[in-house]
Every structure is written in structure tokens, then in C-alpha cells.
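Protein chains in written order, with the UniProt record's numbering: chain U, 1 to 360; chain C, 1 to 422.
Since the hints were derived computationally from the structure, they do not count as laboratory data. One or more of the hints may lead you astray.
Keeping only pairs whose Cα atoms sit at most 25 Å apart, straight-line, the calculated DSS-like set for lysine-lysine is [to be verified]:
{"hint": "1", "chain 1": "U", "residue 1": "K129", "chain 2": "U", "residue 2": "K223"}
{"hint": "2", "chain 1": "C", "residue 1": "K417", "chain 2": "U", "residue 2": "K223"}
{"hint": "3", "chain 1": "C", "residue 1": "K77", "chain 2": "C", "residue 2": "K417"}
{"hint": "4", "chain 1": "U", "residue 1": "K31", "chain 2": "U", "residue 2": "K65"}
{"hint": "5", "chain 1": "U", "residue 1": "K70", "chain 2": "U", "residue 2": "K347"}
{"hint": "6", "chain 1": "C", "residue 1": "K417", "chain 2": "U", "residue 2": "K287"}
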Amino acid sequence: MKALILVGGYGTRLRPLTLSIPKPLVDFCNKPILLHQVEALVKAGVSHVILAVSYMSELLEKEMKEQEQKLGIHISLSHEKEPLGTAGPLALARELLTENSEPFFVLNSDVICDFPFADMVRFHRHHGKEGTIVVTKVEEPSKYGVVVCEADTGRIHRFVEKPQVFVSNKINAGMYIFNPSVLERIQLQPTSIEKEIFPVMAEQGQLYAMELQGFWMDIGQPKDFLTGMCMYLQSLRLKQPERLHSGPGFVGNVLVDPTAKIGANCSIGPNVTVGADVVVEDGVRIKRCTVLKGSRIRSHSWLESCIVGWSSSVGQWVRMENVTVLGEDVIVNDELYLNGANVLPHKSIAESVPEPRIIM
Amino acid sequence: MLKAVVLIGGPQKGTRFRPLSFEVPKPLFPVAGVPMIQHHIEACTKVPNMKEILLIGFYQPNEALSRFLVSAQQEFKIPIRYLQEYAALGTGGGIYHFRDQILSGSPEAFFVLNADVCSEFPLEEMLTFHRLRGNPETFLMLGTTANRKQSLNYGCIVANADSHEVLHYVEKPSTFVSELINCGIYLFTPAIFRHIGAVFQRNQQELLLEENANGWQRAEAIRLEQDVFTALAGQGRLFAYKTEGFWSQIKSAGSAIYASRLYLSCYSQCHPERLAQNRTGGPTIRGNVYIHPTASVDSTAVLGPNVSIGKGVTIGAGVRVRESIILHGASLQDHTCVLNSIVGWDSTIGRWARVEGTPSDPNPNDPYAKIDSETLFRDGRLTPSITILGCNVTIPAEVVILNSIVLPHKELSRSFKNQIIL
Ligand SMILES: Nc1nc2c(ncn2[C@@H]2O[C@H](COP(=O)(O)OP(=O)(O)OP(=O)(O)O)[C@@H](O)[C@H]2O)c(=O)[nH]1
Ligand SMILES: Nc1nc2c(ncn2[C@@H]2O[C@H](COP(=O)(O)OP(=O)(O)OP(=O)(O)O)[C@@H](O)[C@H]2O)c(=O)[nH]1
Ligand SMILES: [Mg+2]
Ligand SMILES: [Mg+2]
């Protein structure tokens, strides 16, 4: 089977991280976001992954060539000259997708969940129509576009954008499976699959919804990235607890790369991921944070709800909280307080940031 | 022989020093490890022939003051007495009321010092300057240079450049008068009482004209600055001695941290034993730090610059303290970070908590800038200031307390920023 992954967005909401590398390559729980999906696809029997790219594609290409070997699959890149939205890229990859009559996956690159790819295939073959989209339940449907579908079969009636009265609590989870015939509906031009293609398919009874079990999160912005991290770590706790770190100084679900060094008298967790080659010095307290590769957290600092970008350095007795995000190679001087700071790459911070703001 | 008077005020004064003045009379608040007025007393005892020091104020006799008197007399081997005014008599009324006590033993001259200033107290230089003139009918005030804007908050002196005679004196003018300001440190001869007495007589005359007035009290309330100096100026009797040494008022709690820094920086000269040193097995010391011998400080703590650690304080592992005063009995648990703050007596700060204030230091680029002891609020908002924890406050682990004032005996349960917590 084939899968096309949409990786051509600018990832603006995950800046400053995406100023250094494309969003799909940002490590989520110590593994590039994209690799979480690709590995799950491979498990479900996918042997050819098409990446629909537009910007910063060299890095992606290089990284995925390496993975190609490791995973023993074929990965091809489909370059667009101008962003084609979420449907246009399918038309660009038409030849690859219509080589045979098998259905293929289409994925947004920045959702995280227990990927249900094998179930999707089964569900799709069972109803026999043109498309299946995965839906997930949310608590506050009025913030999203919801999917109204038949309870027992999953046949989609309609889509309602930000409903003010309750019609459904199911939203599009960004994972689809289509028959090649869907390409007859898509022109080679910027097109939104959600707004322009799905409503027509639903009207014609060709689109079905499969409800996702378990956790789901769109991790396209820092706040949700951290929430998704908590969910992912909890699912690891249930399925592969041996991958989590435990022992004195560790609290709750914590993932630590084997090459990372953690000092004495620290308290790490709950919900922390520590990347490769990270150094956490003595007496540091970290909770609900992602610390990316090569960073250093100096002694007696206190971090909550932060993302520390690659090769950054956080000084001694620094306090960082409230979704502070450090870009790549940021230096935070000793004894500072950062509250909701968004720091662009290669900055050196010498003054506290007591209220949320962007540091250019 | 010589004497000295320290004007210590009373409980209604020092409101800008709350909540710290709730627990201890402001003149006894520790600055650089010792009570504020101990610096005055020590300076006085260094003047040859100093025979007695009188503290004049309107505090009820209290334990803290008595204990201080006992220990200071022991330390300095000189009689030190507290004279209590029956009411607030102002900066001139108190010394006039107790003139017999001051004059007993016939001192040649006596110093009068405001309690709420910190200074190098160049008392001997003042004495030499005074004796040079050889006229017991003249008096001397210590002056220092302020910038034009800030001079308006002080008593302003216009002096003759050659003779140093005070030609004009005005207290807190509304427009610029002079950059030379009154330090609240004076050298008087017994003749000063004739001049204060004249003010007293005049007050009494005025009161007689009013009906039902409680004559005594009102007539005795006399301000040295407005009532006496203004009249003496231009009479060939009042002189100004200008100092280049450090000087600051201590009005707000924030200025206590600044004053501590000034005193600590001269300890290397006069009290090297009071400055903590880096030694193996001890904490890391950066710059000038005072640690009371009974304090217990973990060897992994990092202190300074400008830190004073009081009696019986406990400082845990990996604690950082900078530009702060930690009062006796307080406990800073592991990994806490305390910056620009005063931590009240017996307060506790939980692990990894951060207690931070904003310094109100004078502009470092202006050599004549003074610390602004402005009010707490500006435009209805709390101005960012040092953080002050009153006595027996409990801060839970891992929170941040920023630019806030916490009144005594509070147990906080979360972070606070820019607030007064009642
Ligand atoms: N190939 C391609 N992919 C796209 C395009 N626009 C969005 N995507 C992808 O579609 C998915 C959903 O898009 P968004 O959630 O808006 O993400 P994004 O546009 O990368 O990020 P933001 O700038 O924060 O909106 C992501 O995986 C994007 O990479 C496009 O024009 N071309
Ligand atoms: N004994 C005594 N001392 C006083 C009295 N009033 C003030 N003082 C002291 O005299 C010194 C100067 O006090 P003030 O004149 O009130 O203060 P200031 O320096 O003019 O500053 P402001 O408070 O801004 O007016 C301080 O040390 C006071 O404690 C008083 O009525 N009796
Ligand atoms: Mg977008
Ligand atoms: Mg006054």
C-alpha cells in the first residue's frame, strides 16, 4: 500500500522551532513527528510513502533517505512549486497514486495518536465506498469543524464549521484512506480537501467516518505539543512501560534518551522528555517539558511547561514556565525568569521576561 | 567633652517601611547585619572624648529597644540612654525638651543624627571643621550633592563657597534651589537651645492668643529644619560641611537593601571580620556578604553580592541569594532563589521557589543620584519594587513571588506577582 503525507505547510504556529527545521522533523517524544507516522504505516503494511513537500525540502529529503534504508521501504518526494493546500498535492502525485487500484492513505503530518491504520483498511474495505476519514471526539466542538454521521454505519451526512448548537462532538482527525478514483475530483491547483472535496463526497454518500479509540492531538502549536506529549507518555506507560525512566528523582512518566546525563538531586517529571546528549545538571526540577537534543539545563533551575530547543543552554537558578519555547541555540543567562517567552533561534537572553512575549 | 543624640522617631513614623516596621522599631532594623542605628553609635564612639549617647524618640519602652541598649553599651563601653518624648515633638522639640539631660556634664558640643540615614558619618572631620572657626555660637550641618530633580525631596542648602556659611535653607522646595542637600547630621553647641527656645517662646505666644489650646504640647513641637535652620540661615551662625562620602536615606524597605550594600562595601576597611569568606566546605561567596555566626548555610549555596543573613537562618543546598536581607530564623529550603528581596523573621521558602523583586537603585550613571523612596502606587498600580515577606510567612515549594509584599503570618498556596497580600 501507499501513503501520502502532507508535509508542505510552513508550520508557522510551531515557531520558533520550525524556523530551524521543518515541522515533520521536530522531535516529539524523542522521535521526529513524521517518523511516528511512517513507522506506524510500515507496521500496517505500507511499503511506499510519498511526502508532499513545498518548503525546506532538502533537510526532509536527506533525513528521509536515511530512514528509507532503515525501514526497508520506498520514500519519494513530491515537490510543489507553490503550496497546493491539502488536496492539490494529491493531484500532483496522481501518477504514483493511480499505479494500481489499491486504496491509499493520506495524512496530515502533525497529529499524534495510536495510529489505527490496519483498522482503517478493514473499515474502508467493509463499507466499500470511495473514502474514509478518521474522526475523534472533542470536549468543546464549537471550536472546530464537526462531522455529522450515521451512528452505526459511520456514513457522513455533512460537515458543520464551528457549530453554535450541538450537532456532533466528532472532528476530522487528519487521517484518510481513499480509492484512487478520488483523484477524478481533484484538480492540480490549490485546493482544500476539507472544504472543497469532502462536502461533495459526503453528499454523494461516498465518505465514511471511523471513530478513533484512545488519545489524539494536533501538535501543531507549542501548547498542544506539550498536551500531546503528556498523552503519548501515558500511552507508553500502558503499552511499553519499560521505555520510561524510573528511579529516585523521577516522577511519573518520563522519557530520557540513553545518551542524556541527569545530575544529582534532580526531580524530573511528571511528563518530561529529555533528548539525546542533553545535560541536566544537579538540583534541577523539570515538569511537563520537552528538552531537545544537545541542550544543557544548569543546576537548580526550575522548568514547567516549556520546550527547550536544540543546543540551548538554560542558566543556573533560571525559572521558565507557561509555555516558554526556546528556539535552537538559545542562551538563557543565570537567575532569569521567563514567563511564556517565545525566543527565536540564536538569541542570548540577559533579562527576565515576566510577561509572555516574543523575543526577536 | 562631647555627646551625641540620635533622633529615632516613633511608631507613627516609618510607614513607608511597612510591613517590616510592624515587628521591630525601624531604627533597629538590621542593615548590613547590625541594627540601623548601631552604625550611628559606632561612628559616635570613634570620636575622641565622646561621653554619652542619647536616643530620643516617642516609642513606648519596649523589649527590643532595651535589649539593644544593653548590648550596645556592653559593646561600645559608653553610656547610651533612651529618652522618651511624651508625644511626637519633631526633630527640634525632643532635644529642646531634654536639653538639661544633654547639657549635664557641660559638653562643649553635641552631634544630632537622624536615625534613618546611612552614611560614612565624617564626625571627626565635622568637629575639626567646626573648631577651626573657634566660635561656640556657630553650628554645623553635613551636606551632600544631589541631582537637580531629586534635590526637591530634601532640605536644600545655599552656602557661601568660601566661608561655607549657610545663606539660605529651605526644606523640600517645590522648585530648584540648590544641589547641596541636608544629610540630617548636625554638630551643635549648647547655644543652639537659645535659638530653639526662641521658637518655643514664639509658639507659646501664638497659642496664648488661641482659646482652649493645649498649650504645652503644641508649643514644644518644633522642627529643626523649617523652624530653626531657615531662621539661622544668613545670620552667620549656621555652616555647611560638604561630604563626598556615601550617604542615603533609609525610608522604604528597598532603601534598606541599598544601604546594606553601602555599609557592606566599607566593611572590608572597618569590619573585615563581618565579611564572609570563600573557604573549603563553606558556601560560595560572591562580593560582600554578611552571615551571622549562628546561621546554618549549606556548602552548595551561592550568596552575594550584597546579602545579609541573620541569626539562626537556615540556608539549604543549592540556594541562591543575591541583593537581599534574610532576617533571623528564616529558612530557605533547597534550590530556592531569592533576588532583591527581604525575607521576614521566621519565614519559610519551599524548595525551588523563587522570591524576586525589582531593585530601586539610584541611576548608576549619575554620581549624585539618590534612591527614590517613592510611594508604593503609581497610577493605581503597584510600582515594581523589592519583594518583602513579612514575619512568619510561608511560601510553598516551586512557586514564584514577584514584586510583591506579603504581610506577616500569611501562608501562601500559589504564585503571586505585583500584589500586596494582606
Ligand atoms: N504539501 C502541502 N502540505 C500542506 C500545505 N498546507 C498545509 N499542509 C500540510 O497539511 C497539514 C495540516 O496543515 P496545518 O495544520 O495548517 O499545518 P501548517 O500549515 O504546516 O502549520 P501552520 O502554519 O501553523 O498552519 C500539515 O501536515 C501541513 O504540512 C500545502 O500547501 N502543501
Ligand atoms: N525624637 C523624634 N524624632 C523624630 C521625630 N520626627 C522625626 N524624627 C526623626 O528624625 C529623622 C528625620 O525625620 P523626618 O523629618 O520625619 O524625615 P525627613 O527626613 O524630613 O523625611 P520625610 O519623612 O520625607 O519628611 C528621622 O530619623 C526620624 O525618626 C519626632 O517627633 N521625635
Ligand atoms: Mg496552516
Ligand atoms: Mg523632615
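Hint check results:
no.: 1; hint: K129/U to K223/U; result: violated, 37 Å
no.: 2; hint: K417/C to K223/U; result: holds, 23 Å
no.: 3; hint: K77/C to K417/C; result: violated, 47 Å
no.: 4; hint: K31/U to K65/U; result: holds, 16 Å
no.: 5; hint: K70/U to K347/U; result: violated, 36 Å
no.: 6; hint: K417/C to K287/U; result: holds, 21 Å
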